[in-house]
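> Using the sequences and the hints, build the whole thing.
Residue numbers (numbering that gives the first Met the number 0), protein chains in the order written: chain A, 0 to 136; chain B, 0 to 128; chain C, 0 to 240.
Be aware that one or more of the hints could be misleading.
[Said to hold, decoys possible] Pairs of lysine-lysine residues, derived as DSS-like cross-links and limited to a Cα-Cα distance of at most 30 angstroms, are as follows:
{"hint": "1", "chain 1": "A", "residue 1": "K56", "chain 2": "B", "residue 2": "K95"}
{"hint": "2", "chain 1": "C", "residue 1": "K67", "chain 2": "C", "residue 2": "K80"}
{"hint": "3", "chain 1": "C", "residue 1": "K230", "chain 2": "B", "residue 2": "K97"}
{"hint": "4", "chain 1": "B", "residue 1": "K95", "chain 2": "C", "residue 2": "K186"}
{"hint": "5", "chain 1": "A", "residue 1": "K108", "chain 2": "C", "residue 2": "K67"}
{"hint": "6", "chain 1": "C", "residue 1": "K186", "chain 2": "A", "residue 2": "K17"}
{"hint": "7", "chain 1": "C", "residue 1": "K13", "chain 2": "C", "residue 2": "K27"}
[Said to hold, decoys possible] According to the in silico footprint, chain B covers these stretches of chain C (three or more CB under 8 angstroms from chain B):
{"hint": "8", "segment": "87-100"}
{"hint": "9", "segment": "191-199"}
These are computed hints drawn from the structure, not numbers from a lab. Glycine included, every Cβ here is placed at the ideal spot set by N, Cα and C.
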Amino acid sequence: MVEENVKNLREGPMGWAKFYRKGIGYFAFAMHRFSGLVIVFYLYLHLFVLSHLLVGKATYNSLVTSVTYGPFDSFLVLDVLLALVIFYHGANGTRLALNELGIGLENNKAMFYVFEVISMVLLGIFLYYAYMFLGAS
Amino acid sequence: MAEVEMSSGREVRSSTGSLGRMFQAASGLFLIFFLGVHLYVAHIDFGHPIQFFTSVIENMHNFWWLAFFIVFVWVISYHAVNGLGGIIKDLNIGEKGKAYVNYAMVALYIVTVVYGTILAVLVARIPLP
Amino acid sequence: MEELVVEVTRTDEKGNQKLQSFNVPKDKVSTVLEALLYIKENMDPSLSFRYSCRMEICGSCGMEIDGKPHMACSTTIESLKSDKVKVAPMKHYKVIRDLAVDMEGFFGKYKEVKPYIIRDDENGKYESEILQTPAQFDEFIDYSMCIKCGICMAACPIEGSDPDYLGPAPLTAIWRYVADSRDQGAKYRLEVASGPEGTSRCHFVGECTEACPKGVDPSYAIQKLRGSMVKYEFQSLFRRH
Chain A
0 MVEENVKNLR EGPMGWAKFY RKGIGYFAFA MHRFSGLVIV FYLYLHLFVL
50 SHLLVGKATY NSLVTSVTYG PFDSFLVLDV LLALVIFYHG ANGTRLALNE
100 LGIGLENNKA MFYVFEVISM VLLGIFLYYA YMFLGAS
Chain B
0 MAEVEMSSGR EVRSSTGSLG RMFQAASGLF LIFFLGVHLY VAHIDFGHPI
50 QFFTSVIENM HNFWWLAFFI VFVWVISYHA VNGLGGIIKD LNIGEKGKAY
100 VNYAMVALYI VTVVYGTILA VLVARIPLP
Chain C
0 MEELVVEVTR TDEKGNQKLQ SFNVPKDKVS TVLEALLYIK ENMDPSLSFR
50 YSCRMEICGS CGMEIDGKPH MACSTTIESL KSDKVKVAPM KHYKVIRDLA
100 VDMEGFFGKY KEVKPYIIRD DENGKYESEI LQTPAQFDEF IDYSMCIKCG
150 ICMAACPIEG SDPDYLGPAP LTAIWRYVAD SRDQGAKYRL EVASGPEGTS
200 RCHFVGECTE ACPKGVDPSY AIQKLRGSMV KYEFQSLFRR H
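In structure tokens form, the structure reads like this:
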């Protein structure tokens, strides 16, 4: 029996982020968790921003304009990062959902790469079309 | 749900964790569709990277779009809260702590969908400027 | 003479940890276990570690080698591709001393899944031998290769954050017996696997499979088990107890 004062090497939740030199599944897991938490945070932030619709046209328009056209347009960088984590989460989530249904279990690593490449191409197309309108207003 | 006594004498009550994961996967697949439509409609289709007040109100005056966004809120909230609960339950918080997390997540889900639904309905009732 | 620097994370009886380096002649050893034995015999007899068969069968010498859980006996010096190796006790266990960890928690979880054939036959008396087709045999044989080294438990990030989670090896053992046509204990096993610490806690990280020295593929077994769990849990919603 081990004494209680002897060191326990359980890593805790910090271990979830230690994907360096691990398999690709570990990276996928760590990023899926991180991106999920970011998206949950954004979901509530989004509901908060949308609540300003009830205040009135001027308030809502000035809020969304300030973070898109200025003076706080540096938020666009965060927008791009948000789109990145959403597309990542969606692609890896699709792989996991298909694995959950028993599809592609043997090739799950290859599926990760294929799905991520497709989602990053879609992200590029989305960002191109979304931001080509930036100067339009 | 059944209860079995393990070799160690500890009793374990079976749960529906695997069904929960299946629902998480299914709701996630639905979200690919919902979010795809949302990103196109809100960030591309209107000729701006964002939707302004008038276009949001116009959009929400259509019954089908209103229904779409209400279902979207229900599904994304389920997926978000279920996922968040799953992450918290991976911590060393004991059996009781996990039971409290379950209650907290159900409460968070109810608050989110009720708020989201009321917000969508109220926005749909704003007269067009 | 070429030397291998072995940096060992040592833990004394009070739980204090320190790093200690030893220079081992490369031509005297071929595996990490042999390097540790060389240190014990020639440099520091107080160095503690667990080993037995030296041929990846007993499952005793699991430890962190360069940050990943491996069997010391089957990790060759050549495979390290370096003149330095870091050796530490396996993560997610309590350290008894130096590289020897307490496996009690792991074996406790393993016993809970009843890792043996359960039969309904009275007093274990069978009228004849229980036959299996090659296809039935193939269903479970890969998973019966587990040597209970506990390396998968050290590799699993969920095991690292929650000691209550059953873990890869016990869940793989459940699938090994559920998939065995001779076994009749599926109801008990599926109840255990369906519990809050069962299959639903696996997130298909796959690090257990990466680390398993015997190629057992626990993450695949858990996914297969999960398929049975969904059916079982769905049916149990309508079942009366």
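> If a hint holds in the structure, say so; if it does not, say that too.
Verification of the supplied hints:
1. K56(A) / K95(B): With Cα atoms ~47 angstroms apart, K56(A) and K95(B) exceed 30 angstroms; violated.
2. K67(C) / K80(C): Measuring from Cα to Cα gives roughly 15 angstroms; hence the hint holds.
3. K230(C) / K97(B): With a Cα-Cα distance of about 24 angstroms, the restraint between K230(C) and K97(B) holds, given a limit of 30 angstroms.
4. K95(B) / K186(C): 26 angstroms, holds
5. K108(A) / K67(C): Distance of about 20 angstroms is within 30 angstroms: holds.
6. K186(C) / K17(A): 37 angstroms, violated
7. K13(C) / K27(C): At roughly 33 angstroms apart (the allowed maximum being 30 angstroms), K27(C) and K13(C) break the hint.
8. 87-100: Violated: only 0 residues of the segment 87-100 of chain C have a Cβ under 8 angstroms from chain B.
9. 191-199: holds (count 8)
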